[in-house]
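Dock chain B against the given chain A, drawing on the hints supplied.
Those protein sequences? They're chains A and B, same order as listed.
1 is the number of the first residue of the first sequence in our numbering; add one for each residue after it.
1 is the number of the first residue of the second sequence in our numbering; add one for each residue after it.
Since the hints were made in silico from the structure, they are not lab data.
Heads up, some of the hints might be wrong.
[As the list claims (entries may be wrong)] The calculated DSS-like cross-link candidates involving lysine-lysine, where the alpha carbons are at most 25 angstroms apart (straight line), are: (1) B/Lys159 with A/Lys65; (2) A/Lys162 with B/Lys27; (3) A/Lys65 with B/Lys296; (4) A/Lys184 with B/Lys159; (5) A/Lys183 with B/Lys159; (6) B/Lys398 with B/Lys342; (7) A/Lys183 with B/Lys103; (8) B/Lys35 with B/Lys241; (9) B/Lys35 with B/Lys98.
[Claimed, not checked] Some chain B residues well away from chain A (every beta-carbon gap over 10 angstroms; in silico): (10) Asn62; (11) Phe146; (12) Glu149; (13) Ile209; (14) Arg242; (15) Ser272; (16) Leu343; (17) Phe391; (18) Asp393; (19) Ile400; (20) Arg405; (21) Ser408.
Positions of the beta carbon are idealized from the N, C-alpha and C atoms, including for glycine.
So you can see what is in the structure, the chains are spelled out below.
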Amino acid sequence: MQLEQQLRNTLDKKDILLMTHIVLGYPSFEVNREVIRQMVENGVDCIEMQIPFSEPMADGPVILKANQDSLAAGTMVEDCFRFGAEMVETHAIPFLFMTYYNIIFKYGEEAFFERAAQCGIKGFIVPDLPPEMGAAFLELADRYELAPILIFAPTSTDDRMKQLAEYGRGFIYCVARRGVTGKKSEFDHDFDDYLGRCRAATELPLAVGFGIQSKEDIEALKGKADMAVIGSRTIRLVEAEGAQAVGAFIAGLR
Amino acid sequence: MDTNGFFGNWGGAYIPEVLHQTFQELKEEYAKCRKDPAFWQEYLDLMSTYSCRPTPLSFAENLSRHFGGADIYIKREDLNHTGAHKANNVMGQGLLVKRMGKKRVIAETGAGQHGMATATMAAKFGLDCTIYMGEEDVLRQRPNVFWMEKMGATVVPVKDGSRTLKDAINEAFRDWVTNVDDTHYVFGTACGPAPFPEMVTWFQSIIGIEAAEQIMKYHGRMPAKVYACVGGGSNAMGVFKRFLDEDGVELVGVEAGGHGADSGAHAIRLSSPDATPGVAQGYKTMFLQDDDGQMKHTHSVAAGLDYVGVSPILSDLWEQKKVRFESATDDEVMAALDLTMKLEGIIPALESSHAFAGAFREAGTLNKSDAIIINQSGRGDKDIFTIAHAFEDPSWKKFIIDRGREYSSN
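The following block holds chain A by itself, in its conformation from the complex (with noise of 0.2 angstroms):
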């Protein structure tokens, strides 16, 4: 099943969707292993598996550290292919890469491809890839039948957010600010505006993230979006407090 349907049929039975991130590699394979068993047990929806690159560009502190981390304990691209394939057998729900655009570009877009659809992953996220600059990478998209995941900012025009929305596939990740991740935004008047440009760009359900850290944000999303984004809060949570401790704070978002 693609992606989009599966987070429709799920949309059915809940009034907003819950997506989480993890890096992979960080702080290690096994750790990630016991973090997605609590995420998947307590609710989450869907998981997007951060593949660690050197050069995070859109990254904040938090996931800045944690993608130098796992490549300095030695994750490889073919570690996390590996692992995307165990969880996706353990699991019901859809796992996504979220990476930046050279480490697909470097292992060879069609073989990128071909190893992702293998191992059952449902979609990407890459941040540094607009669609003027990723022709093949869409056409491959469509080939192996992998959700693009197109993203929205506040500074994105109604016209280019028309334009993305032709381009995307399985849902729209808005970022709910300008600047990079793991900082707290402000969901007020002028963020209901751009959440309402959004909703009129495209049919396509709309993850809003950047900033997410509470079931306070999560409420205020309900009914204006289709699916929340919590990113580093889980990261930072695990630093602080253990794996253990995210089955619970999962379960206490809704």
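Same frame as chain A, but now just chain B:
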């Protein structure tokens, strides 16, 4: 350049969506400036009054005699304000920032020259200024940090990754995506997402335009070869551009050989097989990276050349064989610097000394009737801490130790 910012197979603009709109505005403003002769005239006026343009082309009589081949000419970007070619690009972008009405500039810096130039421009134009500099470079280039802060800039040491130029670039991008509305990122070299490679080259092309006129005046015809060091590639593109279509002028880029091409500790992207095509920091070029696409650590005695990527325009010229690339090791560079100081009384920056080392290898094999140009991208005297350290100068060491004692006893 095609509309997507590619030069042959290289370049592009691999940017996060949040920057899309600001790049559209930048591209439009840049296109307007390119078409407006008044803009270039304003730029020339500024550079001839606030800086020392045109910079001289000096005949290096003693070096020429020493090698016994071609006449050696040195293009003196060291005499540009702030002591390096970097000011050409920065003042140009400063004029652009004024037109765009932005109030704040940020920049990355390796050796500190680009940071210095940006802090200078910000002071002159009344802009807020933040400079990102790898922690390792902050230690290597302390005097530049001192001056940047004195001119009112905030210098942020970057502690991530290899703590050098590439990490400073990543951090500057993080600032930009956060403060995109009022901030312009003054990219320091002919790299990064389009339109930066082309725009930086445009501002730097003033070097070659002057040099061509000067060599015609002194030598009566075009030079046989033009040498430039290549880090990101802005001084090289600046001096090369004017000569690209001149028949019989060979352009030679000299990369940082560090401890040697086989050592793994170098920054040779185009003249060794170590680099492969990749996409990072917003553009596609030849990068020093591993099989997974992770960037490698680089090394050079010259902080300004210590970089994993290279201008996409140079990758294109390399592929088309329009520029020949060589490298010079740290040791060769120190020897070339030493000889230039002793014979000419000129102190090139460690970066520029790579171009000298490359030229010195070949000057003696050329005809006496030929001329060559070495682009001296910057001056070395302000890098006294780095150069004295590299020479392991005993009397300098003693001075520092004594001064340290004096400060710690206060």
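Now for the hints, and whether the structure bears them out:
1. B/Lys159 with A/Lys65: holds (10 angstroms)
2. A/Lys162 with B/Lys27: holds (21 angstroms)
3. A/Lys65 with B/Lys296: holds (17 angstroms)
4. A/Lys184 with B/Lys159: Roughly 23 angstroms separates the two Cα atoms, so the pair holds.
5. A/Lys183 with B/Lys159: holds (19 angstroms)
6. B/Lys398 with B/Lys342: Distance ~23 angstroms between B/Lys398 and B/Lys342 Cα, so the pair holds.
7. A/Lys183 with B/Lys103: holds (24 angstroms)
8. B/Lys35 with B/Lys241: Satisfied, since the Cα-Cα distance of roughly 19 angstroms is no more than 25 angstroms.
9. B/Lys35 with B/Lys98: holds (17 angstroms)
10. Asn62: holds (45 angstroms)
11. Phe146: holds (27 angstroms)
12. Glu149: About 23 angstroms separates B/Glu149 from the closest Cβ of chain A, which puts it past 10 angstroms; holds.
13. Ile209: It holds; B/Ile209 is separated from chain A by about 32 angstroms at its closest Cβ, greater than 10 angstroms.
14. Arg242: Nearest chain A Cβ is 31 angstroms from B/Arg242, so the label holds.
15. Ser272: It holds; B/Ser272 is separated from chain A by about 18 angstroms at its closest Cβ, greater than 10 angstroms.
16. Leu343: At about 42 angstroms from chain A, B/Leu343 clears the 10 angstroms cut-off, so the statement holds.
17. Phe391: holds (33 angstroms)
18. Asp393: B/Asp393 clear of chain A: closest Cβ-Cβ about 36 angstroms, beyond 10 angstroms.
19. Ile400: With a cut-off of 10 angstroms, B/Ile400 remains clear of chain A, as the shortest Cβ separation is near 33 angstroms.
20. Arg405: holds (38 angstroms)
21. Ser408: Consistent with the label, B/Ser408 stays out of reach of chain A, its closest Cβ about 34 angstroms off (over 10 angstroms).
In summary, the structure agrees with every hint in the numbered list given earlier.
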